[in-house]
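**Student:** Based on the hints, put chains B and C in the right spot on chain A.
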Amino acid sequence: MSQLLKANGLSVSFGAAKVVDEISFGVPRGGTLGIVGESGSGKSMTSLAIMGLLPKGGKREGSLDFDGTELTALSEPQMRAVRGDRIAMVFQDPLSSLNPYYTVGTQIAEAYRSHRSGVSRKAAKQAAIEAMERVHIREAGRRVDDYPHQFSGGMRQRVMIAMALSTDPELIIADEPTTALDVTVQAQILELLAEVQRDTGAALILITHDLAVVSEVADELIVMRHGKVVETGSAEQIFSDPQHSYTQALLDAVPRIDDSIGELRTTGGKA
Amino acid sequence: MTRFVVNRVAGMLLVLFLVCLFTYMVFFLLSPDPAVQICGKNCTPERIDQIRENLGLTDPFLTQFWNFLSGLFAGRTYGGGIECAAPCLGYSFQTSQLVTDMIVQRLPVTAVVAIGAAVLWLLMGVIGGLLSAVQEGKFADKFIAGLTLGGMSVPNYVLALALQYVFVVWLQVLPFSQAVPFADDPVQWFLNFILPWSVLAIGYAASYTRLTRANVIDTLNENFVRTAKAKGLRPDLVWRRHALRPALTPIVTIAGMDFAGLLGGALITETVFGINGVGKLAADSITKNDQPVIMGVTLLAAFFVVVGNMVVDLLYSVIDPRVKAGAPA
Amino acid sequence: MTIPSTGLQVPAESPNEGDSAGTTPPARWSVLRNLLRDWAALACLGYVGLIVLMAVFAPLIVKVSGWGPYEFDQSAIDPNMGGIPLGSWGGISGEHWLGVEPGSGRDIFARIVYGARSSLLIALSATLLTSLLGVVFGLLAGYFGGRTDMVISRVMEFLMAFPALIFMIAVLSALPADDRAYLLVLVISVFGWPYLARIVRGQTMSLKQREFVEAAVASGASRRTVVFTEILPNLRSTILVMVTLAVPGYIGTEAGLSFLGVGVVPPTPSWGQMIASSVSWYAVVPTYFLVPGTFLALLVLSFMVLGDRIRAAVDPGGRS
Numbered sequence: 001m002s003q004l005l006k007a008n009g010l011s012v013s014f015g016a017a018k019v020v021d022e023i024s025f026g027v028p029r030g031g032t033l034g035i036v037g038e039s040g041s042g043k044s045m046t047s048l049a050i051m052g053l054l055p056k057g058g059k060r061e062g063s064l065d066f067d068g069t070e071l072t073a074l075s076e077p078q079m080r081a082v083r084g085d086r087i088a089m090v091f092q093d094p095l096s097s098l099n100p101y102y103t104v105g106t107q108i109a110e111a112y113r114s115h116r117s118g119v120s121r122k123a124a125k126q127a128a129i130e131a132m133e134r135v136h137i138r139e140a141g142r143r144v145d146d147y148p149h150q151f152s153g154g155m156r157q158r159v160m161i162a163m164a165l166s167t168d169p170e171l172i173i174a175d176e177p178t179t180a181l182d183v184t185v186q187a188q189i190l191e192l193l194a195e196v197q198r199d200t201g202a203a204l205i206l207i208t209h210d211l212a213v214v215s216e217v218a219d220e221l222i223v224m225r226h227g228k229v230v231e232t233g234s235a236e237q238i239f240s241d242p243q244h245s246y247t248q249a250l251l252d253a254v255p256r257i258d259d260s261i262g263e264l265r266t267t268g269g270k271a
Numbered sequence: 272m273t274r275f276v277v278n279r280v281a282g283m284l285l286v287l288f289l290v291c292l293f294t295y296m297v298f299f300l301l302s303p304d305p306a307v308q309i310c311g312k313n314c315t316p317e318r319i320d321q322i323r324e325n326l327g328l329t330d331p332f333l334t335q336f337w338n339f340l341s342g343l344f345a346g347r348t349y350g351g352g353i354e355c356a357a358p359c360l361g362y363s364f365q366t367s368q369l370v371t372d373m374i375v376q377r378l379p380v381t382a383v384v385a386i387g388a389a390v391l392w393l394l395m396g397v398i399g400g401l402l403s404a405v406q407e408g409k410f411a412d413k414f415i416a417g418l419t420l421g422g423m424s425v426p427n428y429v430l431a432l433a434l435q436y437v438f439v440v441w442l443q444v445l446p447f448s449q450a451v452p453f454a455d456d457p458v459q460w461f462l463n464f465i466l467p468w469s470v471l472a473i474g475y476a477a478s479y480t481r482l483t484r485a486n487v488i489d490t491l492n493e494n495f496v497r498t499a500k501a502k503g504l505r506p507d508l509v510w511r512r513h514a515l516r517p518a519l520t521p522i523v524t525i526a527g528m529d530f531a532g533l534l535g536g537a538l539i540t541e542t543v544f545g546i547n548g549v550g551k552l553a554a555d556s557i558t559k560n561d562q563p564v565i566m567g568v569t570l571l572a573a574f575f576v577v578v579g580n581m582v583v584d585l586l587y588s589v590i591d592p593r594v595k596a597g598a599p600a
Numbered sequence: 601m602t603i604p605s606t607g608l609q610v611p612a613e614s615p616n617e618g619d620s621a622g623t624t625p626p627a628r629w630s631v632l633r634n635l636l637r638d639w640a641a642l643a644c645l646g647y648v649g650l651i652v653l654m655a656v657f658a659p660l661i662v663k664v665s666g667w668g669p670y671e672f673d674q675s676a677i678d679p680n681m682g683g684i685p686l687g688s689w690g691g692i693s694g695e696h697w698l699g700v701e702p703g704s705g706r707d708i709f710a711r712i713v714y715g716a717r718s719s720l721l722i723a724l725s726a727t728l729l730t731s732l733l734g735v736v737f738g739l740l741a742g743y744f745g746g747r748t749d750m751v752i753s754r755v756m757e758f759l760m761a762f763p764a765l766i767f768m769i770a771v772l773s774a775l776p777a778d779d780r781a782y783l784l785v786l787v788i789s790v791f792g793w794p795y796l797a798r799i800v801r802g803q804t805m806s807l808k809q810r811e812f813v814e815a816a817v818a819s820g821a822s823r824r825t826v827v828f829t830e831i832l833p834n835l836r837s838t839i840l841v842m843v844t845l846a847v848p849g850y851i852g853t854e855a856g857l858s859f860l861g862v863g864v865v866p867p868t869p870s871w872g873q874m875i876a877s878s879v880s881w882y883a884v885v886p887t888y889f890l891v892p893g894t895f896l897a898l899l900v901l902s903f904m905v906l907g908d909r910i911r912a913a914v915d916p917g918g919r920s
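Chains as they are written, first to last, in our numbering: chain A, 1 to 271; chain B, 272 to 600; chain C, 601 to 920.
So that you can see chain A by itself, here it is in the shape it has in the complex (with noise of 0.2 Å):
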């Protein structure tokens, strides 16, 4: 598989304080990254830097080959048309990251108008409709002129999803998109995602500090900590065979698996 994204040295600072250090990882086309620490690991902000979206102040440094233009070097402008067309994210929080002044429809056909130069109000509706069809929300075209708050949790992430879909993006970066939701919605979303990659080929980076989640889905994975990579490796061999204390310890720590470890693993090895 050649790789879509393929990040080399990559760094991010405030000031002095470097909270991704030279990591280095690749998203093979059409397969699933996960990237897998606690808080404060830098993984999110990893995520940010790819979308060249970093808070003030951020800095970002080395190289990020997406599907052979260099992402670094990208303009402002030329960066805008990547983000949301090209490149799109699902974030943590569905109520907080959905305006509650404007409908889903409208926030899911501003991503794709914004996109697509000449399309009509009408059409961009429409293809909202069509997007939260495509994460199974029943009655689209009536929920399409509702308020982010009349959704569930489950629902309004569906959304989020919908609004990432709409332009058929090459890659999607989730970041941790299941970690607000109720236990039994997350199962749910996270299956809604695979199968959203089944049917579009779209390459997904999962971001998550539950590897019982990653597990399910990621082909390949690597696990920060402190801002760097301390190990990497496909789902299989990092589930089976630790290398790192740290990533044994994660492993460990996985709360809702209370059968046992080796069960763990071999859950792993399935995915």
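Hints may be right or wrong, so weigh each one.
27 Å max Cα-Cα, derived DSSO-like pairs, lysine-lysine [stated by the list, open to error]:
| id | chain 1 | residue 1 | chain 2 | residue 2 |
| --- | --- | --- | --- | --- |
| 1 | A | 228 | A | 59 |
| 2 | A | 56 | A | 228 |
| 3 | B | 413 | A | 59 |
| 4 | A | 56 | B | 409 |
| 5 | A | 18 | A | 228 |
| 6 | B | 413 | A | 56 |
| 7 | B | 500 | A | 6 |
| 8 | A | 18 | A | 59 |
| 9 | A | 122 | B | 500 |
| 10 | B | 409 | A | 18 |
| 11 | A | 6 | A | 228 |
| 12 | A | 18 | A | 56 |
| 13 | B | 409 | A | 59 |
| 14 | B | 500 | A | 56 |
| 15 | A | 59 | B | 500 |
| 16 | A | 6 | A | 18 |
| 17 | A | 59 | A | 122 |
| 18 | B | 559 | B | 409 |
| 19 | B | 500 | A | 18 |
| 20 | A | 59 | A | 6 |
If you anchor each label on the Cβ, the simulated ranges turn out as follows [to be verified]:
| id | chain 1 | residue 1 | chain 2 | residue 2 | range |
| --- | --- | --- | --- | --- | --- |
| 21 | C | 660 | B | 390 | 48 to 56 Å |
| 22 | A | 248 | C | 745 | 44 to 52 Å |
| 23 | C | 652 | B | 511 | 16 to 24 Å |
| 24 | A | 152 | C | 806 | 20 to 28 Å |
| 25 | C | 750 | B | 288 | 14 to 22 Å |
| 26 | A | 152 | C | 750 | 28 to 36 Å |
Don't read these hints as lab results, they were simulated from the structure. For every residue, glycine included, the Cβ atom is placed at its ideal position computed from N, Cα and C.
**Tutor:** Here is chains B and C on its own, set in the frame of chain A:
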């Protein structure tokens, strides 16, 4: 929605009724003898008796209050044969005029003062706030922060005197105020209002600057703004749709309430600048102890505030989709 | 109706997570230390201190300056010019440090010194009473909830919907003038407490849900113990900030009411009243309004700066 409106209107009427009752009670219970108070300083015993009888001051409290209330809605006739059409706010014996007429005559001027000030403070506040938000932490931000602190600390009557001294007496760039109708001399008319507008606006402008700045900065940190950027939206659209609308909506509503409460500020401003509006009427009546007028203005002010609050609430349920009409707070 | 929360959303992974210890409310000594490192705050503190000393030692100060607040100095004004003070700058001289009142010749410095008494006394008493009412009713409403909360909340809404300034003026003008100072404090407080109570109520309600309070309740602590040892101490910084920010408001209110002639009764001096009587002289004797105006504005400014700094120190998030 209908239920929400009905509830709010009912609540509003209740508050207005309580304000009436409260105000009436204060004047009834606290004034040793309303007739003497109303009669003023140069008074004769006969006149006092006449006032007592004409105003029905010999009646028990509830009867008097009822007469006052029904006068508000149906008008009333005073003992001396004075007709007072609804809404009858009372009769000023000191000036031999109906309170409603006195207020209605002066309302247009006060409206001019209030509207001009509101426009000015919204402009200054929003522009200043946006500027400091964009320049957060830089010189412009700190400079504006200093100005707002100053604007909030100088009492408006001090400011009025200072501005008047500087611009009229010292620099002589503005003329002494003369009462001219707009149609006769629009320029003089406009120049007359520059200082009152500024004085009334500056305190509000300062607090609106702070509010706008805080709201814009907070909104820019919201996750949905990040989402908008992640969509690849143009920066101007990110600002307009995702930062300004959520940041400015609460400001517009607060402005509604402040505007409704402006009569208090107009009191001081109109007095200092000698503008013959409702505020000056109230201030003069305080000096002369002309209680029916004071009470009339108080009720009018309460009416504005209560109605203003209600309009703002209704408006809010329209512009903020989360506040669905009828939903409990 | 809900006002959208504009509070700062801290992202899940903020770049400066390393110093997250700084977000816990710092101890009181560090608040003080921060204040002392800040020259503006220090200057404000100094000014407030100066005015307080002036108010406390007014009789002594006036003895030193030589003129009492009620003494008329006919020799300092020009009777032929309608009582304009002799000499430039409103008659400022070694004799009358801040000039004299036009028309009467009373010493402005002495009246400023005595006026500080009324301003501070009334503003501070009103603040005290407001805080007391606000904390008590806010705690009651927030802690007990239910019907208590409903009644208190309705009363608060009613008072906040009132045109407070106009009503204060109306009431004060109807009341006998004998004990104006007390009445002023009372009237200001009656309309002022809901603003503090509303915040105390909200915080009490959320504190009630916190583990340490629930633990105290579970371990059988009495209501009084819970309120006084668990909840009240946690409200300390909120109350401190609200109170500091209330003082300048009340100073302004007192001065405004006195300016309108329903405040402190003459001849007792008050800054607002001095400014009111300067209105007819402003064009001829500008120092007459400038002196009390400056004293007043600086006092309000100082309290506001101090309030801001205290708020910033106890609440680094910058939420209002």
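**Student:** Would you mind marking each hint as holding or not holding in the structure?
**Tutor:** Hints, verified against the model:
1. A:228 / A:59: holds (16 Å)
2. A:56 / A:228: holds (22 Å)
3. B:413 / A:59: Roughly 26 Å between the alpha carbons, so the hint for residue 413 (chain B) and residue 59 (chain A) holds.
4. A:56 / B:409: Roughly 14 Å separates the two Cα atoms, so the pair holds.
5. A:18 / A:228: holds (10 Å)
6. B:413 / A:56: Within the cut-off at roughly 19 Å; holds.
7. B:500 / A:6: The hint holds at about 23 Å.
8. A:18 / A:59: Holds, because 9 Å separates the two Cα atoms, which is no more than 27 Å.
9. A:122 / B:500: Between residue 122 (chain A) and residue 500 (chain B) the Cα gap is close to 23 Å, so the pair holds against 27 Å.
10. B:409 / A:18: At roughly 25 Å apart (the allowed maximum being 27 Å), residue 18 (chain A) and residue 409 (chain B) satisfy the hint.
11. A:6 / A:228: holds (16 Å)
12. A:18 / A:56: The hint holds at about 15 Å.
13. B:409 / A:59: holds (20 Å)
14. B:500 / A:56: holds (14 Å)
15. A:59 / B:500: holds (18 Å)
16. A:6 / A:18: holds (20 Å)
17. A:59 / A:122: Violated: residue 59 (chain A) and residue 122 (chain A) sit about 40 Å apart, past 27 Å.
18. B:559 / B:409: Status violated; Cα separation ~52 Å.
19. B:500 / A:18: holds (24 Å)
20. A:59 / A:6: holds (19 Å)
21. C:660 / B:390: 48 to 56 Å: Because 51 Å falls inside the window, the suggested range holds.
22. A:248 / C:745: 44 to 52 Å: holds (49 Å)
23. C:652 / B:511: 16 to 24 Å: Cβ of residue 652 (chain C) to Cβ of residue 511 (chain B): about 50 Å, so the range 16 to 24 Å is violated.
24. A:152 / C:806: 20 to 28 Å: holds (24 Å)
25. C:750 / B:288: 14 to 22 Å: Because 19 Å falls inside the window, the suggested range holds.
26. A:152 / C:750: 28 to 36 Å: Once the Cβ atoms are compared, 31 Å apart, the range 28 to 36 Å for residue 750 (chain C) and residue 152 (chain A) holds.
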